[in-house]
Each structure stands twice: as structure tokens, then as C-alpha cells.
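Respectively, the protein sequence lines represent chains A, B and C.
Those letters in the first sequence? Residues 9 to 568, by the numbering used here.
Those letters in the second sequence? Residues 3 to 338, by the numbering used here.
Those letters in the third sequence? Residues -17 to 310, by the numbering used here.
Simulated from the structure, these hints should not be mistaken for laboratory data.
Hints should not be assumed to be uniformly reliable.
What the hints assert, rightly or not - Partial list, computed: chain B residues near chain C (C-beta under 7 Å):
(1) C15
(2) V19
(3) L21
(4) A56
Stated by the list, open to error - So the derived label-pair ranges between C-beta atoms look like this:
(5) L203(C) / V65(B): 14 to 22 Å
(6) G175(B) / V48(C): 38 to 46 Å
(7) E145(A) / L96(B): 24 to 32 Å
(8) D255(C) / Q128(B): 22 to 30 Å
(9) V65(B) / W137(C): 45 to 53 Å
(10) A359(A) / V19(B): 20 to 28 Å
(11) G136(C) / V65(B): 43 to 51 Å
(12) K482(A) / M71(B): 32 to 40 Å
(13) D255(C) / K482(A): 43 to 51 Å
Said to hold, decoys possible - A few chain A residues that face chain B, going by a derived Cβ cut-off under 10 Å, partial list only:
(14) T121
(15) G125
(16) P127
(17) A219
(18) E220
(19) D245
(20) V270
(21) I274
(22) Y381
(23) T556
For each residue, glycine too, the CB sits at the ideal point set by N, CA and C.
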Amino acid sequence: MSPKRTVATWTTAVLAAAALAGCADSQRDDDGGGEGGGSEDAGTFIFGAAGAPEMFDPYYATDGETFRITRQMFEGLLGIEPGSAEVVPELATEWTPNDEGTEWTFTLRDDVTFHDGEPFDAEAVCYNFERMFDQNEAGRTAGEYWGYVMGAYADDPENSLYQSCEATDEFEAVVSISRPTSGFPTMLTLESLSMQSPKAMEDGDANGIAAEGEGFSFPEYADNPVGTGPFVFGAYDEANGEITLERNDDYWGEAAKTSELVFRVIPDESTRRQELEAGSINGYDLPNPVDWAGLEDEGNSVEVRDPFNILYLGLNPEANPQLKDLKVRQAIYHALNRDQLVQTQLPEGAAVATQFMPDTVSGYNTSLEPFPYDPDEAKRLLAEAGAEGMTLEFAYPTEVSRPYMPDPEKIYEALRTDLEAVGIKVKVATASWNGGYLDNVSGEPGKYDAYILGWTGDYDAAYNFIGTFFGNLKDNDFGTDVMPWGKQLADDLQAADAIVDDDERAAAFEEINAQIMEEYLPGLPISHSPPALVVGPGVDGVIPSPLTAEEFDTVTVGGE
Amino acid sequence: MLRFVVRRLLQMCMVVVVLSMLVFVWLRSLPGGPVSAILGERQTPQRRAALEAALGLDQPLPVQYLKFMERAIQGNFGVSTKVLPGEDALDVFLSRLPATIELSLLALFLAITLGIPLGYLAARRQGSVTDTTAVIFSLVGVAVPVFFTAFLLKYFFAVEWNLLPVSGRQTTGLDATRVTGMFVLDGVLTREWDAAWDAVKHLILPAVALATIPFAVIFRITRASVLDVLDEDYVRTAEAKGLTAQVIRGRHVLRNAMLPVVTTVGLQVGGLLAGAVLTETVFSYRGVGDALATAFREKDYPVLQVLILAAAVIYVLVNLLVDIAYAVIDPRIRTR
Amino acid sequence: MTDRASGTTDESPRRPSYGQRRRARIDALATAGTVDDQPGVSLIRSAWLRLRRNPVFLIGLAITVVFVVLALVSPWLAPWDPTARPLLDQVRPQSNPVPGPEPGHPLGADDRGRDLLSRLLVGSRQTLIVGVFATLFGLLGGLVLGTLAGAMGGWVDSLVMRVVDVMLSIPSLLLAFTIASLARSPSQWTLIVAIAVVQVPIFARLLRGSMLAQRSSDHVLAARSLGVKPRAIVFRHMLPNALGPVIVQATLSLAVAIIDAAALSFLGLGNPDQRQPEWGQMLGLAQRYISEAPHLAFYPAGCIIVVALGFTLMGESLREALDPKSRR
């Protein structure tokens, strides 16, 4: 510890630093190169993301932040019309079922190549399907969306919706499924089921996922994704939380308007807003409704999407037997002043719900009226059911904001006040979204008497809403298995889902919707709220999507 | 001296093992878990069970712990589930560490360069208006919650007056070379002065916010300690001997007053880490604190374990260094 | 030096150094009979004399008194029921998220139309409850551990101190954070316990230190040689004399508890029950209005800062006053 030694230490440090500097100089030339495209430079669109992506293979991805990024690089056989939830051709130009609705023939585009130059053809399509179907044990649990829509994997083909894929021609593929369902082929619009380059997947061992300790370790491919979309993967700068995508100059459609797309991770909402204000990002998702007016005043544009979601108050008769009485459930519904809630707590464009799905979904029953707010009727019904002064353990989640509930706590407060006004004693319960709330809601049996939750549609199908809620008799959050009509409802839903004809199917779902609201009332649909997206001054061409599936290739960033 | 260091290091190992066990059991007894974070609204008991089985979370805790230890001994602390999915948890920590070191060093530097001279000054003029003002001011630093200081700084300096960047570590699109992960140092090493300056600008606000607490503590300890020393017999003796004020200040007062200050600086490291969680959250600054907050929110067990254990190790190591420094400054301890 | 030697210097366990210790011991022996009967009276008296003239202490005291009185009477003082929503009809998420001041509502309302002033006033009570109980529980925990360690020594001491070391080696906020999220449903009490646990090791260490210093002190030795039972020695002789620094620490802990409560609320682990307004909770909720209505955050933050400052000022000046070395 003598002074001499201190000097020696410093000298070493300085030398080491100089050596490092040398290394750095030699590394410098490797990166960059993004501007080499040659076409006119139209700037960079910088988007503030709320969280870091999981990785870049959409097949294993589960969250919206990842999908937002992969969506710019990948395309599915079927696409979604920008600005709506409607299914349109993308990589497939046509698709036709056989009479039973179990064999679908897809005609593919013939002018598409993957980012690595590999051709997109029927072989590639079948390779993709087989790749998604044939997963190892870890992959079967990580490939969340496939399991969700297809039911099973190659190890259990009987329970799988997907059966086989055959390339019948260079640009024609036939996909067989086990039974007709309204979800197919609409589900092919899901980001997870996008088409990826067979060669790149082969080289990067795309299926080589492994469960290690408590997490999944992903193969090399997941960091070097190759798709067909308007943007190509650039780099992920983890230290600074930035993902850069570059324009695909060989895109088969109209080339992207900006040469670069950057996603910058800013977890804190108010910080995203401040960054937009400072001009260091060009937009972000889900601005707080409170900020909408202020944002507009500052020259930004708030793009409001059509609501494609539902917020409901779930009731669990398993946790509280008093809820088995329809009168009690109706009383609770009458007690809720939903008009006031929508006006004072939800953003403009929000609407009171009349059923468990938004009006854009086919199968929506237009003849249903909102359940009226009537506290006196509520009290009367409670008295009739002998449930005056009943206690309700009513829960809400913390640390979460969803498109259907920008601020769960405020919505909860409004509902709780209404319930207490008709003499129901509310026991406040809460847990953080990942810290037990979902476990308590979806446990078997669920722990709360009542809770708020919701759903954002994955694609345009009635079954994606009410089928998710009530279609699975054993495992659902509403405890319908203890209700006398629970099984009937689940069976009806399955039957309706298997109807091949679109109009017939819609009619069947409409009827079920009416039944749910008038006879069963398993839970109380509250509202639909429109999630928004905000972009800064000079940004044009953002087409808000009800599915929150914006594609940024049409975006332009003006000079400012 | 060596024996002392070795003994302390052994003790540290013990603490770390005990802590690892505590943390392991603790985390897993928390409600919720990584499975909820992955499944979201899609969660059903069935899907939950399948995912838990795949991740080995369905096994009894002792089995899980033994497996964890087995892997940990081989240097494998598990794979991050959410902070940086698929990445080794230790790597996640190591990749975030430079950012926090950079931030903490600057904060500590600010706190020391302001705290010690001010503390000394206040002590020399004990009871004066300067002293009282400084004392109250330093206590305000303690009383304002760190995240609120951070909010205020951001609100005024970044948003209202637009003087400094709002958040992050570097401006988007600035194509800087990475060497150590400490952006300022990197910029200096590679002579990319613009990158270094950009990184400094991003550091200022979070560092000032983070510095408030150690500043207040260092100031107070310095003041108290200088007051104590001024009252010691040897200082009086020195004064009586007619030594110049400069000699007394340098050789007797400051040197002796530094002992408790050094200890305090060491103790501040734990506090800095806690403060970093709040500051980094407010400034979306991608350091260890931000990773910790994210890991907690998303129940990323492997990352949490590594971060908590690392925090403990750093704390113990820094305190060991402090004790060594103590020995260097205080000859009485050295001879023992 | 004479003034220092004449007092009951050995009452303070802190920093007995150099020749001072020997002289003090002699003095203490001389007054050994009276020490235990009236512990530290002169110390406290002289401390008070100095505190009375200390502006720092007086400011702190004034803030604390106002705060405590407010906490006690606020439910009768608040113009509105803090849970009522008189201005709810004016709330529109976009055009008017937070109704401003108007007659009858001098500070306006919060984001759901509740009177802000009333919530701030009533919030003082909850804030005090959290602070006091967290400190109290922390003190109790520390008392048990510290007394155990200090009084028994040996392996009990080692064990307890290792536990304390482990607790201290986790950053305090993280510890509180973890404990708060352990509960199935966060509430006022999980918040209090979480903050209290963080205080336990601090109090434990402090008490153990005091007790150790006294174990070998003369009045304890004297009591032991007179055959006083160990339990009586601990509770009658050692504990009362260790309380000075504990009181100081408790005052400071109150401030820390209030700030930690705010930090936990900021991280989403505060008391979720809005029927019990609390400043930390209000600050946590105000975060999302930081752009549109920063005053929602500034008021509760200001209150927290002032009160925390009050306790800190008082605690710090108490510490200084009770320290025999600073008597001059």
C-alpha cells in the first residue's frame, strides 16, 4: 500500500486502457454499413418501446413488444388489412377449403424471396409448418401460440388441429386440419405463425431451444431472424436498449418509406412521453389517455384504434356460492354505473359493452341492449335472493396496463364504489399481474369472488373471445363447471365453431351471445376501450390497427 | 493483514451461501412467478402446469436448490426468463454492471467532492449561519425521496429547459464503439469525443439524483468527525505548540477526521445500489438497478438471484476495502 | 476537560477513548451508588438546555408537533370526506383529468374527483401510523435481537450478528421490496412490516453495541458483584442506559420509514386501499399525471419532505445533544 505501488497500479491501468483503445480502433470498421442501400434516404423512425423484446423468432415469442418488432420483418400466409381486423391475402393470394373444411389449398405469391435470398415457395411453407409442429419438449411449452391455436404438437397428433402440409406445386400448398373451425385459416394471420427462411432456420438450428434452469435458452437463429417483410434485422444494442431494423430494398411489395426503424426501450410511461416531447423518439404505444389532449396540443398526433377488446368483471361461483344465484349476478350488474365509468375513467371512444365481444367481430349480436344502471333494482334483487349485505372479495391487478384497462386501479375504484352503494361489502384484494394475480384468477379453483380482467382479440373470430372464456369447461376463470348450464354452453360454443359456412356460424354465435347475457350471465362485460398510439410532429402514414398490429413500412418522417 | 483479509473473504463466502439459500427459497415462495409473466391472459391451470414442468419449477424446493447449486458451482446461474431471455443470468449482470459503476462512481465523486469540503467548512464555523444552513440543506437531501429528486431534475432540466437528455445512456443513432461498457470511458479510449460527451450528458441528472443521499451522509459525518477531532487533546497541544494552522489542519485534523468518513463511504455502497434501482427506473437508465426492477416485476428468478448475491458480494468486498483503507490511514490499526 | 469529567460520562456508551476513559471510570466509581437510581438525568438536562437554543432542533420540533397534531385532528379538520367524490362529474380523462381549484375545494380534486386538500389532511394520519408502527416494530425486533446478543454473548451473539450481517448486506430497499411482495395481497400492514424489517438490523446492532459497552462498564460490574440477577442487570441497568442512542435512531427511523413508504408506493407496493389515503400512496398514484397535473405529485411529496425533514432535524440535533463529546 505504499505510494510506489499506487503509481504502479495506475500505470498498469493506463496501459491496459491504451491496449483496449487499440482493440477498439480495429473493431470500429465492422459495424455500421446501414446506409449502403443506395435509394433515397428517408430518415429513421424511432419508436419508444415499453419493454425489451424476448428474442426475434416470432414463433417462440409471447409478448407484444417482441411481436411489434418481428411484425416489421415477417409476413404470414394471410395478412390483415391495415386499419381493420379483416383478413386479406399476403404471402398467399388465394385459399380454398374442401367441402368439409378440413383441407385448405393455398396459392402462393411467386415473386417473394427471403432476406437471405432464398426463394419463398410451397416447400418453404411446408417446411415452416413442419418446423412449428415438430418441437422438442422445451419448444412445445415455449411455442405458446401454436399450442394455443393448434392444441398439440407432433408428439400428440390426435389432438392437433394441424395434420399435414403438402407442396402440390411450386406455388401451391395444401394444409390438412383435423376438424373444421372458424379459427382456420384466420389464425395464420398470427405473428407467431409467420413464414421464416428454411435455410436460415436450418443453419441457425431454429428448433434447438432448451430449458435451462428456470428459463429457455434460445438457439442462434432467434437472434438472426430471416423473413420476407419490408424490414431486415439490423442489430440489437443491448447496452443502450436499441433494436435497429433496416429497409429491405428487395421487398416484393412497395418498399418501406424510411431507411431505418429503431425501437428504443423506455420502460417508464411518463419518460416515453417526455422523450417524445424532447424529440428524441418519433412515437410510442399506449399513451396514457390523460395525456392525449396535451400530446395533441404539442403537435403530436394521437392515433386512436378501434376497440378490439373487452373488459369484464369476472365472477367466480366456486369461491362464493352466493354468486350461483342469477339474481345476485344481475343485481351486481345493475349496481354498476358503467356510463359514468366510461365517461370519467376511460378514453374517448370507449363504449359500454353489451356482450363479451366488440362489435367488429362477426357473431356480435346487435339487438342486445346495455344492462341498465339501476341501484334500486339491484337492492331489490339482492333482497329477493337473501343476499343483502353480502361480502364480495373483489380484486384488481397492479403493475399492469392493458389496452382494455389503461388503469386497473381507477376502474376498480369506480366499480367498488358502485357496489358499496347498494350495500355489498367489498373486501379489497390485489396482487401484481405477474405476482399472483393471474394465478389467483385462473387457479383451479380461482381464489377471488370477483375480479377484473379482459381480452384483446388475436384475430377476427367470435370463438377467440367467448370460446376462450367459456369454451373450456374444466379450466375457465368463470367457474362455469359448477353451474348447471356450464356444459351446455361449452358444447354450444364448440358446435358453433365447427360450422363451415360464415353466415350460419355468425348466426349461431349471435344466439349464444344473447343466451349468455340473458340466461347465464357468467360474468359482467363492462366496456371496450380504444388503445391509442402517438406519433410526433412530421410523422405520417401510421395506420392504427384494431389488433395493435401496426406495420411501419408506410410511415414517413418529415424533416423538422 | 493477509490473515485478516483471508478470514474476511471466508466469512463472505459463508454469508453468500447462506444468502443464496435464503434468496432461493424466498423468491420461490413469492406469489406468482415467471409462468404468469409468460402466459398473461392466456394462463390456464393446464398450460401453467405444462410450463412449470418444462422449467423444472414443479419440483420440490430442496431438489431445485441442489440443482441450482450444482449448476452454480460450474458457473452457470441459470438463464434469464424476461430481462434478456435466453441469456445467462451472470452475463446479464455483467453486461449491466458497467453502466451502474459509471453512474455510482460519478455520484460518489460528486458526493465526496462536495460533502467533505462543506462538512469541514461547517465544522470550522460551528453554530454560524453557514453551518446551520448547510446542516439543514444536507438534511433536506435525506428527506427528499430519491425518486422524487430524480423526477424533479428530469422535469426541469430535461423537459422544461431542455438542457439535458431525458433518459437512456446514449442518443439514438450515435454510432459509438463499445469497449468496456462504460460509455464515457469508451468514448475517451476510442477518442470519440462526441460519444463521450453524449454519455456524460446522459449521466449528469441520474448521478446528481443518486448523489443526494451519500452527499448528505458524508457531509454530516465529516462535520461531526472534524468537530470531534478539533476537540482532541493533540490538536490543542498542537495549537499550544504554536504550529501553523495549515499544518494542524492537514496533519492532525483532516487526517484523523477522515477515518469515520472512509467507513461511511463504504457503507454508502449498499445505499447507492438501492438508490440506483429508483434512479435508473426514473431515467430508464439501463444499469443493474433497472435490471433488478424489471427482474422483480417479471419474476425473472435467475437474474434476481444473481443480482441480489452480487449486491451482497459487492457490499462485503467494498467494506473489506474500506477496512484496508482504514488500516492505511490509521497507523494504530496497522500495527496491530 | 473538567466539565466533561464532572458529568456522568460513562452513561454514554459511545466513544470512550484515551485517558478520558480512565478518568471517567474513577469518577464513575465515586458516584457508583447513585448512577443506577437516576440514569443520566444531568445528561438529559444539559442536553435540553442546549437543545432549547438550537434553531435546528426547534424547527424540527415545530414541524413534528404540527404534523402529529394534524394527524390527530385532521378527520375533523378536513372539509370533505376524503373518500367522497364530489367533483367526479367534472372528470373527463382527456379534457379535464384533474379538476382544478374552485370555491370549497382550494386545491382542487384528484383524478377521481375527491377533494385534494381533505385527502392531504387525512393522509397525515395514515402517514404517521405507517411511520410510527414501522419504527416501533423495527425497534421491538431490534430490541429482542440486540438484547439477546448483547446480554448473552458467546455463540448467541455470533449467530444473531451473522443474521444481522446478512440482513444488512441486502440493500435495504430491496429487502423491503421483497418482503412487501411476499404478501398475498399488499396492505397497510405489509407495508409497515416491510419497512420495519429493514430497521431491525440497525436497531439490533445499535443495542448490542450499547449493551456490550456496558457489560464491562463499572456500574454493571458493580451490580454483578453485588449478586444482582442477570435478568435484572439486563433490564434494570443495561437497557435503560442504552436507550439514549436508540431514541435518536428511532426519531431518524421515523423519517426513513415515511420515505421508504413513499418509495415502495412508487414501486407499486404501497397500501392499495384508497379508503386510507396516505401521502406515499398519493404520490405513487400521481405519477401518471406528472405531465398534465404535476401538482398532484408535488403536494404529497412536499408534505413527505417537510415531515421527514422535521424528524431528521430533530433526530440529528438530539444525537448531537446527547453526545457528551459535543458538550461545550
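Results of checking the hints against the structure:
For C15(B), the interface hint is violated, the least distance from its beta-carbon to any beta-carbon of chain C being 13 Å, above 7 Å. Here the hint on V19(B) is broken, as its CB sits about 11 Å from the closest CB of chain C, past 7 Å. Evaluation of the L21(B) hint against chain C yields a held restraint, the C-beta minimum of about 6 Å falling below 7 Å. Here the hint on A56(B) is broken, as its CB sits about 25 Å from the closest CB of chain C, past 7 Å.
For the hinted restraint 14 to 22 Å between L203(C) and V65(B), the CB-CB distance of approximately 53 Å leaves it violated. Checking the proposed 38 to 46 Å range against G175(B) and V48(C) shows it is violated: the Cβ atoms sit about 53 Å from each other. A hinted range of 24 to 32 Å for the beta carbons of E145(A) and L96(B) is consistent with their spacing of about 30 Å. Range check, D255(C) to Q128(B): Cβ separation about 47 Å, and the 22 to 30 Å hint is violated.
Taking the beta carbon of each, V65(B) and W137(C) are about 31 Å apart, not inside 45 to 53 Å as hinted. About 58 Å separates the C-beta atoms of A359(A) and V19(B), a value inconsistent with the hinted range of 20 to 28 Å. Taking 43 to 51 Å as the suggested C-beta distance range, the pair G136(C) and V65(B) does not conform, at roughly 36 Å. Checked against the hint of 32 to 40 Å, the pair K482(A) and M71(B) passes, with Cβ atoms roughly 38 Å apart.
Our hint of 43 to 51 Å for D255(C) and K482(A) is violated, since their Cβ atoms are close to 34 Å apart. At about 28 Å, the closest approach between the beta carbon of T121(A) and any beta carbon in chain B exceeds 10 Å, and the interface hint on this residue is violated. Below 10 Å, beta-carbon pairs count as interface contacts, and G125(A) has none with chain B, the closest being about 27 Å; its hint is therefore violated. The criterion of a C-beta within 10 Å of any C-beta in chain B is not met by P127(A), whose closest approach is roughly 30 Å, and the hint is violated.
Taking 10 Å as the C-beta contact cut-off toward chain B, the hint placing A219(A) at the interface holds, the least distance being around 5 Å. Satisfaction of the interface hint for E220(A) is found here, the shortest Cβ-Cβ separation to chain B being roughly 5 Å, below the 10 Å cut-off. Interface restraint check: D245(A) against chain B, minimum CB-CB distance 8 Å, threshold 10 Å, status holds. Nearest Cβ of chain B to the Cβ of V270(A): about 6 Å, under the 10 Å cut. The hint holds.
With a cut of 10 Å, the hint placing I274(A) at the interface with chain B holds, because the nearest CB-to-CB distance is about 5 Å. Hint on Y381(A) is violated. Least Cβ distance to chain B is approximately 27 Å, over the 10 Å limit. For T556(A), the interface hint is violated, the least distance from its beta-carbon to any beta-carbon of chain B being 14 Å, above 10 Å.
Violated hints, in rising order: 1, 2, 4, 5, 6, 8, 9, 10, 11, 13, 14, 15, 16, 22 and 23; the structure is consistent with all others.
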